[in-house]
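As a plain string of letters, each chain reads:
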Amino acid sequence: MATNVYLPEPMRIVRRFNLISDVRFFQVRPLAMDRALSLDYLPGQFMIVSLPGIGEAPFSISSTPSRPGLIEFGIRNVGVLTEQLFKLKENEIIGVRGPYGNGFPISKFEKKDLIIVVGGLGAVPLRSLLLYTLDNRDRFGKIYFLYGARRPNEMLFLNEFLELKGRDDLNCLLSVDKDDTGKWTENVGVVTTLFKHLKGINPNNTYATVCGPPVMYKFVIDELLKLGIPKHQILMTLERRMHCGVGKCGHCVIGSIYTCMDGPVFSHWDVLHMKDLI
Amino acid sequence: MKVLKLQKRNLNSYLESLRVFGEIYGPVRKDEKYIYGQLDDLDKLDLRMLRTILPVKKFLVPPKFNTFSFEGYTYKPELEKIPRRVIFGVHPCEIHGLLILDKFFLERFPDPYYQERRKNTAILGLSCVPDEKCFAKSTGTHFVESGFDLAFNELQDFYLVWVGSSLGDDLVRLRLDLFEEDIKERDLHEYMKWRSWRDSQYKLKLDMTGMPDIMELNYNSPIWKKFGDKDLSCGACSMVCPTCPCYNVRDQLKPVGNSGERQRHWDSCMFKPFAVVAGGHNFRENRAERVKLWYTHKLKAFITEFGKPACVGCGRCIDTCPVDINIKTVVTALKGV
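Here the protein sequences come in this chain order: E and H. Taking this note's numbering, the leading residue of the first sequence gets 1, the next gets one more, and so forth. Taking this note's numbering, the leading residue of the second sequence gets 1001, the next gets one more, and so forth.
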């Protein structure tokens, strides 16, 4: 018999620390090194974390497959499972299965310019894509990374992204809705206020990826459409309730599709065509 | 396909011989209704049954079962305890329901639990005569060509028995002495006569061609609110539907230690919390949206994916829904007739 698709694989927590007050970074790895190195995935895919006695929940992968060995997640403490997960320390074991989902169509991005637009927690899956493209820089055109958070202390991976500002092969634009620290040196305003820095975009040669809170999509997509980017080249990753990850339990169903298998990455055209996606 | 004859008087002796394969189940009376019950005594078999409360899916996807037992983070799949069973009296529409579940559970990401149960469950079909709630002729599910091990077609004094699988062939060989291989011309005539008589018995007709387009046109239709307003969110339609596969997962800890079981149990998209995500947002907050999803999945999604609706015309939703939200009332309302 083939492997049981629902069987969680034991992984060890290698490192964990808070990214912001309620979002924690978890670095995990399969116990065996050869397995850790061969575990492959795509930016935009997710895995299902399993805690015995608690249950399972899906989480976006934040690391890049171009740096094998460790899988990274950025997890907000909002549910029953995450509450338990936050009690775990380095070297403790959790169950993980996957990767699941379609992920980003990386091969279509090749030689194209890329605009990555992030709001809040959306940084988790899109960091995977950003790091992947930077690790394979020669395969892609210009890269713009636009990240908006409510406040400086709510921006995930802040130092990492500030450091990326020093690179000349990336346009890294950060913004907060409100600066309550008085020390913020970047843009202030919602993420769409960063669009004025996008100059000379060749829309047909550009893909855009968006992930953030539901309210953000409409405004960001309007901006991207104003730039003339075709609807099928605007991609977003969506959230739904999931139990199985393999199109069986039915919880993530939207009309004709299963978010866990057919998504979570959808194009703006999919959204218009299939309805109910966002 | 091999076809044999079995005299009706020999049915019970034949079924008795199948106990070497596994436990025998078939239609038995339960109060006013019928269920698939265990036949430790074959006299309990009641072939007047037209429609059981729960479909045969309850054997392939049980209402509740353990997927794993765990001790700490070591998970052990619970696949050994799956019993071998013979289910007799499964009507054609139900076998079509199994074919849909097969596609769903065995194609992309095969489900090992369904796979093992399907392997361990012998499906013995039986022909039927429809009532006013059956419309399997409209859904093209009133005859079967696959999905069963044996299929019994009842005629006056005997059954014509179609052998549909290698397991079915093994089961026939257990009492080959009871079967006749020689199908006579008059048998064929009797069968053809029965076929056209039975076709004429389908009083309920529900044409489902074009449903994806019709669903699309009704996306903003007020009918959803109308159905939503009277919907009870009881989920009974999902429980009795031969093709509804949705489930929930729950861990059950033993009182001491860190061991327990991971359980899977039936769920329904008609239940309010079905699409709630961590943090509390509900993607289908109101009843109208949930009713719409149920029918979108049956009448649009499945046709898009598998080329036919996920409705086999069994009439269970018509028989079960306390407020008359069923495939008949919904399709009729969608077509505006």
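Simulated from the structure, these hints should not be mistaken for laboratory data. For glycine and all other residues, C-beta sits at the position ideal for the given N, C-alpha and C. Worth double-checking, as some hints may not be accurate.
Pulled from the structure, derived: some chain E residues nowhere near chain H, Cβ distances all over 12 Å [as the list claims (entries may be wrong)]: (1) E92; (2) M242; (3) C244; (4) T259.
Partial list, computed: chain H residues near chain E (C-beta under 7 Å) [to be verified]: (5) P1062; (6) P1063; (7) F1065; (8) F1070; (9) F1158; (10) L1160; (11) W1162; (12) D1251; (13) G1257; (14) A1275; (15) V1277; (16) N1286; (17) A1288.
The hints, checked one at a time:
1. E92: violated (9 Å)
2. M242: Given a closest Cβ separation of 9 Å, the condition is violated.
3. C244: violated (7 Å)
4. T259: T259 (chain E) not clear of chain H: closest Cβ-Cβ about 10 Å, inside 12 Å.
5. P1062: violated (14 Å)
6. P1063: violated (15 Å)
7. F1065: violated (12 Å)
8. F1070: This interface hint holds because 5 Å falls under the 7 Å limit.
9. F1158: Hint on F1158 (chain H): violated, closest Cβ of chain E at ~40 Å, above 7 Å.
10. L1160: violated (36 Å)
11. W1162: violated (29 Å)
12. D1251: This hint holds: D1251 (chain H) lies near chain E, its Cβ roughly 5 Å from the closest one there, short of 7 Å.
13. G1257: violated (10 Å)
14. A1275: holds (5 Å)
15. V1277: Status holds, d = 5 Å.
16. N1286: violated (13 Å)
17. A1288: Nearest chain E Cβ about 13 Å off; hint violated.
Comparing the model with each earlier hint shows violations of hints 1, 2, 3, 4, 5, 6, 7, 9, 10, 11, 13, 16, 17; every other hint is respected.
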